[in-house]
Every structure is written in structure tokens, then in C-alpha cells.
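Go by the hints and put chains S and W onto chain D.
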Amino acid sequence: MSTQSAPDPKIPVPRGPLPILPQSRPARMVEITIDGKPVSVPQGSTLLDAARSIGIDTPTLCFLESLTPVNVCRICVVEVEGMRALVPACSRQAEPGMVVKTDSERVQLSRRLVLELLASSVDVSTAPQLQEYMRRYSARPERFGEPATPAAEGERDAAQPGHHQPPETGAATVAQPVKIDNKLYVRDYGKCILCYKCVEACGVDAQNTFAIAVAGRGFEVRISTEYNTPLTNSACVYCGNCIGVCPTGALMFRSEYEMRQSGTWDESKQTHTDTICPYCGVGCTLTVHVQDEKIVKVTSPLDQEITEGHLCIKGRFGWEWVNQKK
Amino acid sequence: MDLHFTEAAPAAEEVAAVDRVVSVAANGLKRTYLLPVLHAIQDRVGWISPGALNYASRILEVPPAEAFGVADFYALLSTHPQPPAVAHVCDDIACKIKGADQLCSELEKAHGPEGSSPDGKLTWRRSPCLGTCERAPAALVLVAGERHTEQALASANSEEITATLQGRQISQPALSASVPQMGQPGLTLLRRVGQINPESLDEYRAADGFLALRRAFEMGPAAVVREMTESKLVGRGGAAFPCGQKWQSILSAASPRYLVCNADESEPGTFKDRVLMEGDPYALIESMIIAAFATGCEQGYLYIRGECPLARRRLEHAIRDCRAQSLLGTNILGAGVCFDIELRAGAGAYICGEETALLNSIEGKRGEPRNKPPFPTQVGLFGKPTIIQNVETLLNVLPIIMQGGKAFAAIGTERSTGTKLFCLSGHVAKPGVYEVPFGATLRELLDLAGGISGSGKLQAILVGGAAGSFLGPTDLDTQMTFEGTRAAGTALGSAVVMPFDDTVDLREILLCIASFFRDESCGQCVPCRVGTVRQEEILWRLAAGRPLASRATELVMLKEVGQAMRDASICGLGQTASSAIESALSRFPLFRDREIQAEPGGVER
Amino acid sequence: MGGGTSSYREMEETDLILLWGSNARETHPIFFHHLLKGVHNGAKLFVVDPRRTSSAQWAEKWLGLHVGTDIALANAVARKILAAGLENRAFIENATSGFEEFRQHVQKYTLEYAENTCGVPAGLIRELADAYARAGRAQICWTLGITEHHNAVDNVLALINLGLLTGHVGRYGSGLNPLRGQNNVQGGGDMGALPDRLPGFQHVENDELRAKFEQAWGALIPAKRGWHLSGMFDAMERGELKALYVIGENPANSEADAHRTMKLLQSLDILVVQDMLMTKTAEMADVVFPAAAGWCESEGTVTNSERRVQRVRRALPPPPGVRDDIEILCDLARRMGRDLGQPTSQEIWDELRSLSPVHAGMSYARLEAMHGLQWPCYDGSHPGEQYLHGRLWARPVIGPLAPFSCVEQELPVDALDSEFPIRLTTGRRLDSYNTGVQTSRYASPLRHGETLDLSPKDGKKYGFEEGEMVRVVSRRGSVVAPVRFDPGLRAGLAFMTLHFPDQVATNELTIDAVDPKSGTSEFKATAVRIEKAGQAKPVPATV
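Chains as they are written, first to last, in the working numbering: chain D, 24 to 349; chain S, 2 to 606; chain W, 4 to 546.
Extracted from the complex, chain D is given alone in its bound form (with noise of 0.2 Å):
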């Protein structure tokens, strides 16, 4: 029961005023130069955005706008005046009269070695733009030598800190066998760069579930589940964040997998259409990839305010139904 002196709701209600939202206060401006031209960027922004306010592109691995800069990659370094070692544009912020060397000797031996050194001990042949980057700085990684056996199973998982076999004669990689254990996602380490994108997508930056970690040191640093329990086993919610986030293939649907085992997959021949997802009334923009008029992966992209590219279960794999029913 309720007693109510409600307005009429046959009156529309008037136009109210325009919401009023948090002042941006205007920030201030800082000065710095890059490669010998000034730029003028609002304070705390990074380095990185300064080069690119200007046109320079600088290439990144582990940086996403969506996540929390870690700066472990190390390819976007930048040479500063004034420091010692070269500094991480993704998170150095600029400082008044900072002068910036984006593509000094320094510069491009460090970001052609971090290439060298990625490429001699991962698999990149599903990363193009670490492929591109590796065109662009001449990045020979085959002058390290043959690479070495690859680990067998969980051998990479069973390693303990503070320990390693003597060199083999090949060059040390992380390859290993794939890791396959449900029915929606396929886990590559061997494909592996560690930029730390998926452990963040699945911690704080997005899901919160915190289904996986880095584990191991040095060398041996791995991601993992506790113990390597299977995904089955662990905390994960299938959100597909993680695979959302990875830059060379490393995690992927397993359908695109299963696709690209048998010779299937063929970006050429995929449309990408932005949707929005119909299973709840959040909003979820979803990009729906379709070959050969079946969806073959669904992603949301990175600039939507409401998902920053992110998703759960049934808006990631929920649409197995739309194929069945041709």
C-alpha cells in the first residue's frame, strides 16, 4: 500500500538545465622539445603522448590506454637529456624544458636489441606489429644463434628461482607446448612477450578475478594460474580480457585457433561490424567479425567508454547460437 501526492503523469515533465559536470580546470601547459622541435602538452601528460601530439610514432608493446602503463617492454624508450639511461615514454611524464630524443643511436640500439632479444626467444608469427617493428629497426634476432629444445611439458612451470641448467649451445626461448584445457580459450606461452596486458585486464584495470599472475623469475617468469591448475580449476570467468589484450596471439578464442590450425583463417575475407550486445542492459559495444557470413570472433573496441574494449562471457562467446541456426 502506498499513499502518494504524485504529479500527473499525463504532463510531460519541462526541460531542465544542462547537468553541470566536474570542472576539467584548464591544465596547465608544459614546454619541452622533441627531436629539435618545441611541443607544448598539457602537464602530466606522458612523453609518449607528446611524441605523438607531433606525429612521432613511437612504438609500444606492453602499453594500452585502457591499462595501468607497466613499462617492462622497453621498446618505447626515449633518450632524455641529462639522464643517465634511457627512460619509458609510455609513463616518463614530461617535465618544463625536458629535451627528447626520440630516434638517437641510443634509441634505436636499444629498441632494435629489445626486439632481438623478444624475437630469439618468443614465437612471433601471429604478431604483426611486432613484426612491423622488427622491419622498421632492422631487427636481425637470428644472430643469437639456432634456438635452443624446446621445453617440454610443464618443464617452463616446474623451473625454480635462483636456478638454471648451463647455456645449450642454441639460444634460449620460451617455446613449450600449447596449453589447452576448456573449451573457449587457447593459451600459447610459447608466443609470450610477458608485457603484462592480460594479468592487468584480469586484475584491477578491468575483471577483478585475478585468474592469473606472473609467476617464476628472470628468464623463467611465466604467467600462470596458481600451481598451473588448469583455467578449469582457477578463478577464471572466460571474459576473454585477457585475449582481448594480448598483442602476438599468445591467448586466443580457440575457435580463431582452431581456424588457423586447419588453414581457415583468412583476415582478408572478415568484416568487422560494431554492434551492441544483447544480453544485458549495460550496453557493451561488440565488434562482430564475420567470414564467410558466420561470426568468427567478437571483440568490443578500446575507445568505447563503456566497456574500454572489455567483456564478459556471454557477450564474448554467446553468439555460438547465430551460426548454429544457418
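If you're looking for bench data, these hints aren't it; they were derived computationally from the structure.
Each hint can be trusted.
Calculated lysine-lysine pairs in the PhoX-like style (CA-CA distance at most 25 Å, straight line):
1. S:431 <-> S:458
2. W:47 <-> S:385
3. W:266 <-> W:283
4. S:373 <-> S:385
5. W:47 <-> S:31
6. W:520 <-> D:33
7. W:64 <-> W:47
8. S:122 <-> S:110
9. W:283 <-> D:348
10. W:40 <-> S:366
11. D:292 <-> D:348
12. W:535 <-> W:460
13. W:40 <-> S:31
14. D:206 <-> D:317
15. W:64 <-> W:40
16. D:317 <-> D:292
17. W:227 <-> W:215
18. W:520 <-> W:227
19. D:124 <-> S:560
20. W:64 <-> S:31
21. W:215 <-> D:33
22. D:348 <-> D:317
23. S:407 <-> S:233
24. W:245 <-> W:227
25. S:385 <-> W:40
26. W:227 <-> D:33
27. W:463 <-> W:535
28. S:366 <-> S:385
29. W:245 <-> W:266
30. W:64 <-> W:460
31. D:124 <-> S:373
Leaving out everything else, chains S and W in the frame of chain D:
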């Protein structure tokens, strides 16, 4: 948090071990007790079982995958079942030239290969530098159980290691074996070491203990910081940052602030802080109280290396004593000053000596360094402003307060003030910690330690540890100050001075250093994680005389890898991982002029 | 106008979030991302829910109330705020009506009364009242835990009272938000799929507004409101409703009291179903129109819980023989003698914009460029409103005052007694959606089929093993399901979903006690008893 756990359940003794730590864990920041809890499990059952990890994670509200990532980071914690008794046998530089490999092969004969355990009760494994280089070779024996024991053995032999693994106690040499100058006049930092009972607060008091604290309380915080600035004291941990400036910078920061003592002395060849903590633990506490008083910190953390059981026991005892005597707590000396110290033990990770990795370790995270800036004085422990100082640095606070900053600054040279502790080991006649006023030359230090032992002919000197560099016989007049070592193209680092006679194969030492960095890299950034691997591989091929294309191309790759590590790594570990190797290659004709015979199996390790 | 007053973004920048009758962690996972950003930024989270859900596990405080006692709790919170003098007097005086009556009305809702009625400790209620009232900015968000009750609207009004009392509405960071359970519930309302509204929430009984539509459409519109869903079933029962055209609904599975629903659907003269899949309702139909999947096989718009109108697009063609909803409707109209032509979705949208002032500024081009726009959006330069009811803070207030509502606690219709002593409540799981028509088709590793979830304590009390098949009996029917223990349930509370109607027809148990104001059934409160059913079947452990 909606945490998920596997079904693995803890054993009763694991629950009890965790509960004991958690019951004393007072403050609300639960995760910071993760490492102590993992230690407790390891000490009780010898490894971190899935059930125990689940239990610890649940109690501390840490996702189990993250807790596993932490446990799996530290060499002294095992995420695999292992025997309860483990001997960690140092085969690092100083021990290697004092017979560590021989010791290891004896252990292999007695107990099987490294890591194996025919009877499931005990095993042994090789370890990085245990910080007992003055009495090399060294071993650390850990026996898990209801009454778990930790014993550092140096010099160690295989019989004593075996006996200790089986539960025997072996008495160790007195501190005089580590401090050849003991009892001599003119010492400042080493004044009390070996002269008083390190477990007696009364004896410490009788030896001028807590005079500096009383004086500091009379002076007030601002005056203490002023004296620090006037003393021109710079940090002794390696970075040589001016302390007064650091303390001054935190005064305007928000509260709470934290004081952290970095006692994670792990640089190969370094053992001075350990000796100070074993011999004069109350002095460190007194220094920390003064530092906290001056900088407005109400909580301190003392992060001590996990491999120093004696120093830890002495500090635990000293902290308890001080609490009982109102020298720590809410009203120190009745002066209304509030400060307490939590002791944290590392668990086998060189990288945790890096200040931001150390902060992460205290917070219950993996010991991965943070990017700087922001610096710890801005965003430090738990995100709050934090002062971090090394043990030796802090102990200099006492003479500065007692003599005044100006008088302190008059000691040593213009830019390196006060006295300095040096760690002499390797081929010297009287290895140990030596204290001299800044200004002594390398030659004078070697003379103080009785000159070169072994063959008597000096080949090379490693200065500053694995992260330092090599000097040669022509560099003996280098003044061992911050500015003097810099002029000689090296750095004082952690004040390691380790000479090698002419029988030592330096290539083996370089391989040892390369292997060390590969093991101790935290693995976070690409240049260091993979660079240390490639560096070791190249050196290995060069030492074996089997270069890939040519020696020249190998040396170019080595140089480039070194430069990328130096330029692009996150922290000091990666930035210095090639420095000793590069300095050796530039000074000695190791792989350049001498054709190396290809030998099957290459160089012995 | 009905809709969430705030934007998701504001969850990240508020000081307190009160999640009431919502397990958003599983039912609105991406909204929960925004909520958790708020929590990480320092917002306090309070969760009111009979179950200690995965959402509740993130809360600073969980208030585990008895099912159907929300009004007692809300009124007690209001009383406590008043007793502590923490109400926002200035806001109340400027923008509300009925305050004095409300103040007197809640006097009987003492902490002691609420503690006894709700089962929530008085201390917790006091803490919530204090924190909510003192917060600089605060949000209340609710879902079906509030609305699937026989007194759903009263429940909502009780929550709105709290917002009015403290002024936590109409400002950035403060608001009152129903989280829509289905992707276009909000859009359906926007478009006039309500018994009393034309598109843009314009009342059908307002002659002037109705005339505007009649002129545009060239047709007469009935001057009186129609039936809502439950009203339709009542009308079938009375024999007044004989033909039913169902578009994109599956009442045979989704309606409470399935026995009655089936009987009534079978009694119709003609049942027409337009759906993208052959649902149980479609199987009963006289005519079925196979329809394209709205979200990926056709063009149009939907509206989400923050009132954002968003474009859906055709990513792939529908299978042969399957047609777009617009095509089907226009074709049907032509057969019925009215040629509507073959409009595109954009043409239809532009017509809507010409008739609905709150949508007027949302051209397809702007929706595209701005990733959707939030209504009201009055013209082509209007940015859309991030939050609603800013007018209540204007002095003097613009438009009508916001009324306090005096609502009384009423227990669920399906009462507990010695024969039916256990309260069964229903809800969703993370990986499934409604009756599972779509979600049952993908291989979710999380899915373990329907279970009867019980507290481990009750399991022990009744002597059930986990995985054992039990018979769940209500006053209307019975089903058999395996038992699963959930430590998030308190003793006396059981939980099931509606996801697996073919395996366990949970709606055979539920009651069709309907809220007369909203037409929603009381899915959240069924009285049951549980009996052993014999054969055991293994069930995977807790997810």
C-alpha cells in the same frame, strides 16, 4: 573480493603456522603479511603446499594466483615438495676461489646431485653469494619442522654440512674472525663490534648507547636534519645520494610516512652490514629511531636478508628489548615520540636489495622494481612518502649527532665524508670488514688486509661486487672515495674489494657473474630478462672457443646487449649486469688476443 | 520519464555505492567494472541482498535481509537518517513534496522493528544510514531483487525516498539507477512499449500528445491505456483477450506459475509468435514469423541502463526465410490493408525523432560519431544528459516537485509456513541469460546445469549430500533438481535460476502474484519444501 580457491586443503600444522603469524599481525594492511606467512609455512613443512597457500590467501585476502606468483619468486621458498633439510652452498665468486666447487662435488658424492634426495630427508643446492665471503666457502642449512633451525656455516666443509642437515648445531667463529681491526683505537662504526655482548642492552648503554638518541630528542627534528645536511653524509648502499637532502625532502610530504632500513645486503662480496647487525644491533635501532624522529615517521620496517639468521635473531632480540624498555613504542624515553619497527626477512632474491623492489616485497608483492620517478620519498611504501636507508648509512647518524655534522664532514675528503667500511675477501691474507676514513687508496686497503694471498701475485681486483668492475695491478693508487673510484672508471658500489691472484681463470669469474645476473634478474623488463641470458650464452661460447660466426661478432653482440641492458633496463640490476664483464674485457686480453682451444664441455663451472 | 538517473562513469567518481537487490558482478559484469573502479578510487560499497553474492563479497558491508523486507529496511534507514538529523533540509524544502507526512510515516520503522523483520543487525542499518547520508556523493543501484516482487513499485519508491531525503539525486556522482536486466528494456520503454505511453514517454491519455501522433500516423490511437503483461494473462483468464502477437518473448518459459501460463496460452483463439529461435512459446503458436537477430542481423537502435541510445548493426545476413522485424511488421500491415511502404530503420528513427522531443537531437550521424547519446537530447547541438533531474537543484525548482511516497512493508504473497518452510528465490548466473534460448548453445566451462542451491547448514539439517537429487515442492508445482551447497546462502534460503527450463522448469514453482502497478511477478519469493528424490547425480563443485 570474490576470491576463488581450488579444493586443496591445508594440513593442521600449516594452519597453525599461518595463524601464529596472523595473530601477531596487528595492522589492517593484510597483504604485507604474505611473505612472513609464507616463511612460516616454509619453515614448518619445508615447502609451500597448495592447501597452505589457499589458506594463507584466504586469511590475507590475496588472490591465490598472486600469492603463488609471490611464493614462486623467492629462491628460499619452494612451491614444489622438497625434503625438510636443505643446504644452500655458496658457489659464488669469493667461495669459488676458496674451494666451493670442491665442496659441491663432495656433497654430490655424499648425497647425490644438486637437488636430489635419495632418502627424501635432506638435499643440497648451489646458492648465490651468502655474504660470508671473509670466511669462504659458505653454506646455509635450513631444516624445516616444529623446531625449525637455520644455521650459517663458514668456513663450511661437507662433514659439517651433513651433520647440520641431520640436526646438529655447529659453533661458528667469533666476530673477531670477520673484523681483523677489532679492539683497535680510532674505529667509529666498528667501535663496539666484538667489544660488547650484542644481546645486552645494558652493555650497549654502558658503551654510550642511546646517548645520541637523547641528544637528538633535545635538539629537535629540524636540528637533526640540519646536522645531517652539514655532515654531507651520502648513502652507503651504492647510489651515494645525500642523506640530508633526502630527509629534508620528505618533511613537507603528507603523513603517514615510513622509514625503511635496507638490510638486504646481497651484492656478492659484501658482508659489512651483516657484521654490524650481528655485532651492534642496538646501534641500528637507535639510528632508526633518530631518523624516524627527524623525518616524522611513526612506523619503520627493517628488511633483512633471509640468508642472515644470526643477524636476524640479534635484531629480533634487540627490538624486543627496546620495546620492553620503552625505547620503541608510543612514548619513547617518555618524550612522547612514537615509533616502532617491524622486522621483515627476505627469502632469497638479490633484486630485493633494490629499494623499490624491497618496498614491493614488504607489501607482499613480487620483488619487482618500480619505475622511478616517482621516488620513494614521494610515493613509497603503501604509496606513502618513505625514507629508505642502508644499514651502514643509518649507523653514521650516531657519530653525526654526537660530533656534529661539521666535525663529521671534516673526516675523509671534501666529497666523501666520514669513515667507510670495506669488505675485503678473495685473495687477501686477512679478509674481513675494515673501517678507514675516506681517502685511503686501494693499495693501502690491501696492505691493511695483509696483502695478496694465494700465489702472492695480483691479477685483478673486483671493486663494488658483481655490479661493480675490475681494476688491475696498475690501478692500486686509486683513492677509494666516491670521486676517486669514478675517476678510475669504476664506482665504490657496496665497497667490495676482492683481489684475485694470477692462478685464477678470470673467464670463470665472468661466467659466474653472468650466471648470477641471469638467476637474479626479476624478469620484469625485456633487456634484463633476455639480455642476461644472451650475455651468458655469448660468454659461454667464447670461453669454450666456439663462437657462432666469429669472436669479433660475438664481442659486438656482447657489447650491444650490454648497452641495451645499461640504457633500457628498469633498475640498477639490469643497468649494471654487464659492467663487471665489460670492464674485464676492456682491461684484460681474455678473449681478444688469446686463441682459445675448443675443449669438449667448455669451461668447468 | 523512467530511467537510471546517472551514468556508469559516475560510479567511478562517487563516494558511496549502495547496491540493492542486484548481483551486478554476474548479471551486469561490465557495469561492475565501473563500480569496482569507484571502489578502488575509495568509494564505500554496501550491498543489500538476501544472498552473500559475488557482488556482496566486494562490499565493505553486506546487509543480508530476508526476502521481501526491503521496504522495512529502507524506511528504517530513512528514520535513522532523520533521527540523526542528517537529512538534506535545503533540498527537501526546495525540491520535494510530502516530506512531513513521510517523516511521520517512517516513525514506526524503528531499528528494532527492522532488525526483527529483515534479520539485519541494527548496528549495520545504523551504519548504512550514517554512511549514505554523510557521503558527499552517493549512488543507489538496484535490479530485479527490487522489482520482481508483488510490490515492486513500492520497493522502488522506498529507495527513491532515500535519495530525496539526502539530496543524492540530480547531481554528478549521485543518483538512483535501475540496472536493466535485458538489453533493450529501456529502449522498449523509450519507444512506447508500455501500456500507457507513446514513444518518448508521452502519455497516451494526454489528448494533445495523442493527437500529435494520430496526425503523424494518419490513424486513430485508443485513448485509454492498455494492459501490461500480467494484465493480459488476467484478460485471457476472463476471456477478454483471445489473440496474442508475441514478439521476442518466451512467456511459456519465462512467466511465473508455468501451469497457469500454459493453460492460458493454449486457450487463445490465435497465437502469433515472431522470434529468432523456435522457443517453447513459438512451438505453441498458430503462426510463427522467423525473425532476424536484432543485435547482429538487422539495423536499429537500443537504449541501455544509462539512457544511452546506441546503434545496432547488421553484421551478417539472416538465414534464408528469416526476415527483419520491420519487414515482417510492414508486410503484415499491408496484408491488413495499410501500406506503410518499406521504410529503413533510419527513416523510422527519424520519424520517431520528429515526435519524441527527448530523442530529437539523436540523428544516426550523431549516434555514430558520439558512440551513442543519452536522452534527453533535445536538438542537434544538445550533448545529451549525463545525469537526470538537475532541475530539482534549480531555485526555484523547474517543473513538478519530487514527491516522497509513504510505502508500507508487506511480506511476500507466498507465505512461509510449516508445510512450506523454505524461501526460494531466483536469479541469474554469470554465463547464462534468461531461459537459456541463446546461451545454452555455447560451451561455457562455468555451466553446470540447474541446481537447487542451499546453505551447507540446511544441507546438513535435511541430510542432503551435495549432488543428490531432491524434489522442490511449492503450492503450485514441483520439480526435481540436484542439490548444491552455497556458503553465500543463509539457512532457510534456497536459490534457483530460470536458465534451464528443459531440465528443470523452475517456473512451475513460482507464484504469479503480480505488482498491480508494474505487472511484474514475484519471481523472487516462493515458499517451498524440499524432499529427497532418490537417485544421486554428481555435480561439479562450487564455481
